[in-house]
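Student: Spelled out, the chains give:
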Amino acid sequence: MVLLTLMAAVTLGIIRVRNLFAVVVLSSIYSFLMASVMIVLDAVDVAMTEASVGAGISTVLMLGTLYLTKTSETVPVHTPALPLFVALGTGVALVYGTFGLPPFGAADTPLHTHVGASYLANSVAETGIPNIVTSVLASYRGYDTLGETTVIFTAGIGVLLLLKRLARASRNG
Amino acid sequence: MRLDVIVRVTTKFFLPFMLLFALYVQLHGDFGPGGGFQAGVITAATVILYAIIFGLAPTMRLVPPIVVESMVPLGVLIFLGVGIAGFVTGDNYLNYSHLAHDQVHGQELGVMLVEAGVLVTVCGTMIAIFYTFADRGRS
Amino acid sequence: MIEHHLPALLVVVPLVAAVVTALIRHGIAAYVTTLVASWTLPVMALMLLGQVLDGGEVSYALGDWAPPVGIEYRVDGANAPLLVLVAAMAALVATYAPRSVASEIDIGRRGWFYTMFLLCVAGLLGIAITADAFNAFVFLEISSLATYVLIALGRDRRALLAAYQYLILGTIGATLYVVGVGLIFVMTGSLNMGDVAARLAGIENTRPIFAALAFITVGISLKLALFPLHVWLPNAYAFAPSMATAFLASTATKVAVYLLLRFLFSLFGTDFVFVQHPITPILLALSLAAMFAASFVAVFQEDIKRMLAYSSVAQIGYITLGVALATQTGLTGAMVHVLNHALIKGALFLAVGCIVYRTGVFRIDQLAGIGRTMPVTMAAFVIAGLGLIGVPGTVGFVSKWYLVAAALEQGWWWLALAIVASSLIAVVYVGRIVEIAWFREPSSRVRAGKRLPIEMIAVTWVMAGATIYFGLDAEFTAGLAGRAADTLLAGLAGPG
Amino acid sequence: MSQVAELLPLYNYWITIFLMISGLYIVVARGNMVKKLVGLSLFQTSVYLLYLSPGKILGGTPPIIAEGFEVYSAPLPHVLILTAIVVGVATLALGLALIVRINEAFGTIEEDELFDRDDDDA
Chain A
1 MVLLTLMAAV TLGIIRVRNL FAVVVLSSIY SFLMASVMIV LDAVDVAMTE
51 ASVGAGISTV LMLGTLYLTK TSETVPVHTP ALPLFVALGT GVALVYGTFG
101 LPPFGAADTP LHTHVGASYL ANSVAETGIP NIVTSVLASY RGYDTLGETT
151 VIFTAGIGVL LLLKRLARAS RNG
Chain B
174 MRLDVIVRVT TKFFLPFMLL FALYVQLHGD FGPGGGFQAG VITAATVILY
224 AIIFGLAPTM RLVPPIVVES MVPLGVLIFL GVGIAGFVTG DNYLNYSHLA
274 HDQVHGQELG VMLVEAGVLV TVCGTMIAIF YTFADRGRS
Chain C
313 MIEHHLPALL VVVPLVAAVV TALIRHGIAA YVTTLVASWT LPVMALMLLG
363 QVLDGGEVSY ALGDWAPPVG IEYRVDGANA PLLVLVAAMA ALVATYAPRS
413 VASEIDIGRR GWFYTMFLLC VAGLLGIAIT ADAFNAFVFL EISSLATYVL
463 IALGRDRRAL LAAYQYLILG TIGATLYVVG VGLIFVMTGS LNMGDVAARL
513 AGIENTRPIF AALAFITVGI SLKLALFPLH VWLPNAYAFA PSMATAFLAS
563 TATKVAVYLL LRFLFSLFGT DFVFVQHPIT PILLALSLAA MFAASFVAVF
613 QEDIKRMLAY SSVAQIGYIT LGVALATQTG LTGAMVHVLN HALIKGALFL
663 AVGCIVYRTG VFRIDQLAGI GRTMPVTMAA FVIAGLGLIG VPGTVGFVSK
713 WYLVAAALEQ GWWWLALAIV ASSLIAVVYV GRIVEIAWFR EPSSRVRAGK
763 RLPIEMIAVT WVMAGATIYF GLDAEFTAGL AGRAADTLLA GLAGPG
Chain D
809 MSQVAELLPL YNYWITIFLM ISGLYIVVAR GNMVKKLVGL SLFQTSVYLL
859 YLSPGKILGG TPPIIAEGFE VYSAPLPHVL ILTAIVVGVA TLALGLALIV
909 RINEAFGTIE EDELFDRDDD DA
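Protein chains in written order, with my numbering: chain A, 1 to 173; chain B, 174 to 312; chain C, 313 to 808; chain D, 809 to 930.
FYI, nobody ran anything at the bench for these hints, they're computed from the structure. Nothing false has been slipped in among the hints.
Listed next, with one range per pair, are the computed distances between beta-carbon atoms:
1) A:Asp108 x C:Pro590: 33 to 41 Å
2) B:Arg181 x A:Tyr96: 52 to 60 Å
3) A:Ala81 x B:Gly228: 48 to 56 Å
Please read all numbers here as calculations on a predicted model, not as lab measurements. Using N, Cα and C, we set each Cβ at its ideal position, and we do this for glycine too.
Generate coordinates for the entire structure from the input sequences, incorporating the hints supplied.
Tutor: Rendered as structure tokens:
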């Protein structure tokens, strides 16, 4: 709960601060807090990933970009009315939606009783893997993970295509 | 790149342990948190750390860009290949059950291979992206 | 045995080809791989369509994990025609591509350019074929990321801005979609579309489900460029390389339309979406706005690709109009227009690709007399343009016939009038091109230029010919669309 | 503990929603491209909480089967979010690469300045 409050505070900081370097550092802190919250929520695998990705890779990439571009932001000229409206509209829709959700921490929600239960019950017998996250990730929903690997592949080749110095053709015509 | 000797020595001392930890995360993914993605990121972080401390050029000699860039598709190829192996054993795509003598071992083998594929792609992509960003900044 | 694995192969083949092209890098070798791989796709897609027409739906459990535990691929009347469309477009565009790409992309980037193209194809096929809501998101992102890169590789530096803008909006759209799927997931505990549809029965009228409906609709609408959310589309189409534009314009938004239809009709159910909630008037208003406003803007464009892009926004309006009616005829009209508009826009953008290849000209006022120097290409352009207007004998007429019929079924004669009236705006912007191209003296810009490769003209004419062929013989496409409409209206709520 | 149990559900969602609004606001309102991407990843990250919160069972443990534990939190949301995180960082990398290219081509990464320039050469 303290963590969540801290996260909100950091977010406010990200909105206010105009020095992009500070923004990147703040978002790194944000990721660490997020990872801690995830541990509280029992998502240890996810927390590990968030810490390495959010606080590690993303920060390195952003700092790299700032190094190649510049580090401060100009004052926006537009009035923030429309963006505020869009963002709040989304928020209201979500608030509306979350009121009907099952209570937090309960064990008898569809999430736990339907597909989730069958993973917990069958994983060890069917795959011999006690970490259910791994068995679901790599076997039951292995196809999603194939897609995920392909996404990384796409992004990797994409960045290389955009940034790597590759041979240029001589223009003819 | 005139850094303190201590930093260099400490880094050299730490790097093997980081790689060892990556290996642990990779292989222990069945029992504890971790897996191909996390191990790939850690491995990439090792190389990136080396590049930050010892400079880009020596790192690129140690881990050549062409190797890194080949790793990006290679990992996906491993994953796709494991899937296609399912056809050969007469099952649907991505069914690992008959890769070994019984279902459990087949699944374990399949998951291990698939995680290795993820590791290769993730690691390759992270290092390749780091190289291109760093290289872009040099000139 | 192969027949059984077709659903998986349809996506795996382009993925393997993408990986191979990424490994070999070399432009020509990568191209040959792309060509071979992309021609296997329509063969497989047609075989799947055959299976569906023979024996109903085809279900394929990936990893042999029975859905909803595992991920399921499912081909039925609704997505089989779409798979054929995407696969055929991939093959045709790949055939068209080599020299067009060679003139627009640096030699060192060509190999990987084809990698991106194949990934985009695989992603779109993956969205169309999957029966798993989250898997659809993963493949949506594969195709989107590949699309951003394809757009950014355009010649003009503004291509980078277009790609960035699309990246931001596309990611917002995808994230909203994930929020919606998440709400459904929490309420039902399942991600398989058929399973979700069955489990939604009874808890439809809860707030999270309504919120999920809103999030998913807005999220996908961003991807399919529904009228007020279309801002990314004109720039993206205008600055992307010619072959990428032709492929994206004829497939990407269509696949998004399909995904939306799947959710609205199969998942949430026609009754829940269109009877209990005021979706029809909202969608109708937006569709009409798109048809008129975007067509109107198209008239004043100076860049021929931008003009066609705005026309695409307008045409999407026709599709969503059919969706909004939510009747059998309306949906048939929407589905048949998905197919027909893909043919029309494909032909038009391919023709523009020919013009750009030969003369390097984008601006409409510089195209003076091009009809005399490139008569074969411009003839194809005009034929496809007639389809855009909806002249009898072209595919555009078939689509509008069904849409008008659907409007009259409801007794909404004003809507029928609006459909006809908005077509008249298309007459203006297509007519403007015709006037400039044929009735003005050729300028020096359009006289000079390279010879046009035979494969570019051939593919352009195949597409233009298809707009006539399926216009005269509408049985096949309309039959498929009608079947798709039946499938969608029937819903998925049967046992998994 | 019971106090926490009563307050936490709402609090969780409220913060999630607050994060989402902030992220979206940054994306739409700010002209600086790097900041926009930071906002975008905030927006995406908030969705992770939306998935993970309902997966938690009070008194449960992480979904790694072991002797002595009976109640496990739901594993499926974890898997989905792992995928979502990866997709998020892939998008971020590509977006940053685009920003670097834009900066080289136009000399700025502020949208307001860019669109002024865009009008000039149109």
